[in-house]
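In the order they appear, the protein sequences are chains X and Z.
If you read the first sequence in this note's numbering, its first letter stands for residue 12, the second for the next number, and so on.
If you read the second sequence in this note's numbering, its first letter stands for residue 12, the second for the next number, and so on.
It is possible that part of the hints are untrue.
When chains are identical, the list treats them as one kind, so a pair holds in a single copy or across two.
To be verified - In the DSS-like style, the derived pairs of lysine-lysine whose C-alpha atoms are separated by at most 25 angstroms in a straight line are:
1) Lys138 <-> Lys336
2) Lys115 <-> Lys183
3) Lys138 <-> Lys15
4) Lys323 <-> Lys63
5) Lys391 <-> Lys416
6) Lys467 <-> Lys453
7) Lys476 <-> Lys416
8) Lys336 <-> Lys365
9) Lys135 <-> Lys44
10) Lys336 <-> Lys143
11) Lys115 <-> Lys44
12) Lys63 <-> Lys299
13) Lys115 <-> Lys155
14) Lys143 <-> Lys299
15) Lys135 <-> Lys336
16) Lys299 <-> Lys376
17) Lys155 <-> Lys113
18) Lys427 <-> Lys44
19) Lys313 <-> Lys365
20) Lys143 <-> Lys183
21) Lys143 <-> Lys323
22) Lys427 <-> Lys447
Don't read these hints as lab results, they were simulated from the structure.
Now for the letters of each chain:
Protein chains: 2
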Amino acid sequence: MKNKAITSRDVDFAQWYTDVVRVARLAAYSNVKGCTIMEPNGYALWEEIQNKLGGMLKATGHQNVAFPLLIPENLLNKEKELVKGFAPEVAWVTIGGQVELKEKLCIRPTSETLFSDYYSQVVKTHKDLPMKYNQWCSVMRWEKETRPFLRGREFFWQEGHTVHATAAEAEKETYDILHIYRTFLEDTLAIPVIWGRKTESEKFAGAVYTLTVEALMYNGVALQSGTSHYFGQRFSEAYDIRFLNLDHEMEYAYQTSWGMSSRIIGAIIMVHGDDNGLIIPPRIAPIKAVIVGIGEDEAVMKAAEETEALLKQAGLTCYIDRSDKSPGYKFAQSEVNGIPLRIEIGLRDLSENKITVARRDTREKIAVSRDIDLPAYLEKLQNDIHDNLYGRARARMEQLTFVAKDKAEVAAIMAKQAGFIKGDWCGRHECEESMKEISGMKSRCILEGVAPQIGKCIACGAPAKHAVVWGIQY
Amino acid sequence: MKNKAITSRDVDFAQWYTDVVRVARLAAYSNVKGCTIMEPNGYALWEEIQNKLGGMLKATGHQNVAFPLLIPENLLNKEKELVKGFAPEVAWVTIGGQVELKEKLCIRPTSETLFSDYYSQVVKTHKDLPMKYNQWCSVMRWEKETRPFLRGREFFWQEGHTVHATAAEAEKETYDILHIYRTFLEDTLAIPVIWGRKTESEKFAGAVYTLTVEALMYNGVALQSGTSHYFGQRFSEAYDIRFLNLDHEMEYAYQTSWGMSSRIIGAIIMVHGDDNGLIIPPRIAPIKAVIVGIGEDEAVMKAAEETEALLKQAGLTCYIDRSDKSPGYKFAQSEVNGIPLRIEIGLRDLSENKITVARRDTREKIAVSRDIDLPAYLEKLQNDIHDNLYGRARARMEQLTFVAKDKAEVAAIMAKQAGFIKGDWCGRHECEESMKEISGMKSRCILEGVAPQIGKCIACGAPAKHAVVWGIQY
Numbered sequence: 012m013k014n015k016a017i018t019s020r021d022v023d024f025a026q027w028y029t030d031v032v033r034v035a036r037l038a039a040y041s042n043v044k045g046c047t048i049m050e051p052n053g054y055a056l057w058e059e060i061q062n063k064l065g066g067m068l069k070a071t072g073h074q075n076v077a078f079p080l081l082i083p084e085n086l087l088n089k090e091k092e093l094v095k096g097f098a099p100e101v102a103w104v105t106i107g108g109q110v111e112l113k114e115k116l117c118i119r120p121t122s123e124t125l126f127s128d129y130y131s132q133v134v135k136t137h138k139d140l141p142m143k144y145n146q147w148c149s150v151m152r153w154e155k156e157t158r159p160f161l162r163g164r165e166f167f168w169q170e171g172h173t174v175h176a177t178a179a180e181a182e183k184e185t186y187d188i189l190h191i192y193r194t195f196l197e198d199t200l201a202i203p204v205i206w207g208r209k210t211e212s213e214k215f216a217g218a219v220y221t222l223t224v225e226a227l228m229y230n231g232v233a234l235q236s237g238t239s240h241y242f243g244q245r246f247s248e249a250y251d252i253r254f255l256n257l258d259h260e261m262e263y264a265y266q267t268s269w270g271m272s273s274r275i276i277g278a279i280i281m282v283h284g285d286d287n288g289l290i291i292p293p294r295i296a297p298i299k300a301v302i303v304g305i306g307e308d309e310a311v312m313k314a315a316e317e318t319e320a321l322l323k324q325a326g327l328t329c330y331i332d333r334s335d336k337s338p339g340y341k342f343a344q345s346e347v348n349g350i351p352l353r354i355e356i357g358l359r360d361l362s363e364n365k366i367t368v369a370r371r372d373t374r375e376k377i378a379v380s381r382d383i384d385l386p387a388y389l390e391k392l393q394n395d396i397h398d399n400l401y402g403r404a405r406a407r408m409e410q411l412t413f414v415a416k417d418k419a420e421v422a423a424i425m426a427k428q429a430g431f432i433k434g435d436w437c438g439r440h441e442c443e444e445s446m447k448e449i450s451g452m453k454s455r456c457i458l459e460g461v462a463p464q465i466g467k468c469i470a471c472g473a474p475a476k477h478a479v480v481w482g483i484q485y
Numbered sequence: 012m013k014n015k016a017i018t019s020r021d022v023d024f025a026q027w028y029t030d031v032v033r034v035a036r037l038a039a040y041s042n043v044k045g046c047t048i049m050e051p052n053g054y055a056l057w058e059e060i061q062n063k064l065g066g067m068l069k070a071t072g073h074q075n076v077a078f079p080l081l082i083p084e085n086l087l088n089k090e091k092e093l094v095k096g097f098a099p100e101v102a103w104v105t106i107g108g109q110v111e112l113k114e115k116l117c118i119r120p121t122s123e124t125l126f127s128d129y130y131s132q133v134v135k136t137h138k139d140l141p142m143k144y145n146q147w148c149s150v151m152r153w154e155k156e157t158r159p160f161l162r163g164r165e166f167f168w169q170e171g172h173t174v175h176a177t178a179a180e181a182e183k184e185t186y187d188i189l190h191i192y193r194t195f196l197e198d199t200l201a202i203p204v205i206w207g208r209k210t211e212s213e214k215f216a217g218a219v220y221t222l223t224v225e226a227l228m229y230n231g232v233a234l235q236s237g238t239s240h241y242f243g244q245r246f247s248e249a250y251d252i253r254f255l256n257l258d259h260e261m262e263y264a265y266q267t268s269w270g271m272s273s274r275i276i277g278a279i280i281m282v283h284g285d286d287n288g289l290i291i292p293p294r295i296a297p298i299k300a301v302i303v304g305i306g307e308d309e310a311v312m313k314a315a316e317e318t319e320a321l322l323k324q325a326g327l328t329c330y331i332d333r334s335d336k337s338p339g340y341k342f343a344q345s346e347v348n349g350i351p352l353r354i355e356i357g358l359r360d361l362s363e364n365k366i367t368v369a370r371r372d373t374r375e376k377i378a379v380s381r382d383i384d385l386p387a388y389l390e391k392l393q394n395d396i397h398d399n400l401y402g403r404a405r406a407r408m409e410q411l412t413f414v415a416k417d418k419a420e421v422a423a424i425m426a427k428q429a430g431f432i433k434g435d436w437c438g439r440h441e442c443e444e445s446m447k448e449i450s451g452m453k454s455r456c457i458l459e460g461v462a463p464q465i466g467k468c469i470a471c472g473a474p475a476k477h478a479v480v481w482g483i484q485y
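Isolated chain X, as found in the complex (with noise of 0.2 angstroms):
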């Protein structure tokens, strides 16, 4: 049985999409065009999102802070990639305290040129080096398109900027995060990933190269999950960084950026979701079990409360659904939620000392006797639930990869089913731009250490000199 109120993802993704949003109430549409509002259920899942990746920031010695939001024109103006790449997209103050501003002052689209500035002032000898700096917070671009979680005017997210007294620190940086965002995207979030780098289009306004980890959604689509810019001495020159080295010299210092932002809770609904709604990964989920009295017999309510101190006491987050609903109501509803575990509790059960657990992720029902241990029972079904969910999106992945030799294969294959195609290129810009005609397809990444596997360009046919993943994005 299927839930009613969403649309089912075969017949139609897009629409199945909005439907979990706006039933499981993870955001909602605002009255400011182009902004949506992140509802509790949305918001909980980004500050697990905060405490878990942020936890393994700091963990590498990353420190939080907090920088402006408004960037005055002349700062932005002074990294001339940067300034082309953003300041088509930015949103402008010109009017302050009712006074018509001398300057204009844009909402960050991204803060290179702030931290950069600071950066300026603050570091002065190879002792002051490193500095790791990330912030959470909002940022602005002037999209025209409004997707909850995936595409609008604010986005949420942690930039970091780091810099560093060698390149070869710099450039260990710019790898070491995109390897914690793997990790964090894998082993918390459940959701396989390629890596590899930008090519240079499709890189960062302003970095030397960026990386990249890309998700695959449950409809072949990719999804951007995280990028990783390492920018040499490009803003250092720009904005003036320079310190002195071992050799007491003034050198201009090397810088990383890098960012993953609420996007990925638009790849948590996608790559993990069902006809029932949400799938959350157990290990970002703000609420682990549901447990649902079935009756009103106090035995019930009993055993319930038993279960729920039972579980708190373990660290276990969950609560009693006490609202004046059906039981196949509050079924259907932690579903909907998509809360990894249910409990649910009903006098035939308790008459053979049972209780009976339902996953979230295969619908199974098992009935547990009460004289288990129960909180290590579901710590271990977590991750058995986690395992399962990382499974299946990793086969999907992988039946959704396609090899392909040239545009024509590429074409038949997009025709049927989008995915990713791995195919060989040439390095040439013009054969990039060429693959967009098929359903406006862009390079996902170059895999690095990684062999062309056919050795012509899936282009122009031209030997090959990179592996690249192809793909039509959100």
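Given the structure of chain X, go ahead and fit chain Z onto it with the hints provided.
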């Protein structure tokens, strides 16, 4: 011996404040006019505040959300008092994506408008109520002055917005929140406060009434530390938030809003700090203890590492200062940074099976045997430090609270020493206004349930209606 980088607070309090903020690396001025940067030490305090106060709000059923940064002009204009209060000091976005906007958008100075607009869409019946939302974000008001944490164009806060089915429930919420703020300030930040109701001219624009908690800084200047507003049906009428009540009639809902901001970090600095720098109350300290080894001996480093491991295992955040500075420099640094405890480990102490614990509040050094239960001892010591910080702040507040019968007396007191002035008030606006002649003094709050002490208005001598606390403020 005092820290030479910090001006004495009795010589120049404003300069002392600026010095502490700079030397403890709490915040820095940015090249964005009116905006400061929260550096790692400052932001770590803000994160602790978010954790602790946020935990109290969650425990009382409040849910975190994220609403848009921008407010369209027409939405801001719906509640007349609010727009009168805030329109003069907002920043307007007039250009987005290189196009002049048809309707300008302001950066939120506060978000009653956005929450009310949302509630008008989702609140249908009494079953939907109450809704108790909160968000942690930054807001912008086009201030002329910039002082880190105290005043500036952008500041951080939490803003709660709740909607209820009855006036009684909404009023209870208004008082409950004030109680949470008082408890947080006193029990976590060790900051004693007075509390009461704002006068008509000092209340929030659009509120029926505003409750406030007010703290007194070392120099006798007041700092409004948290406010809680009861709106009655004013916003629900302006934004059309109606619900089907128990009598099956449509009724306008009852609302509250309330906020505590990053100004509270300014209060921590100015209530507890001394000439050696910051003093962080232990319960909000991101780092509870720093460990300093004296000398390079292997036995010292081994003991330092053992101590660190022991404390971390007990959940007490600490680190070994491994910088290549002298012990004296490290001691001073731990004091500048306001870390509640310092553990000094030297060969002489070790030969007697001892280590030295220094507490930041009294700068007292205590030699303790290595055989005691150190984590338990430090836990108790932290409570002692909290009590001592609270006690001395409370004693100072009482010392600096004066009763006055008329303006001549107030002027005489204020000429010597700023502080809280308890003085009765007839309730007339002119009298309140006339108090500003004395150093710009304003009413801090009307004490609730406290009868006038002298019985005559402090300004005009007419029969008094209210016991009021007056003061000058940040």
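Unmet hints by their number, sorted upward, for this structure: 2, 5, 18
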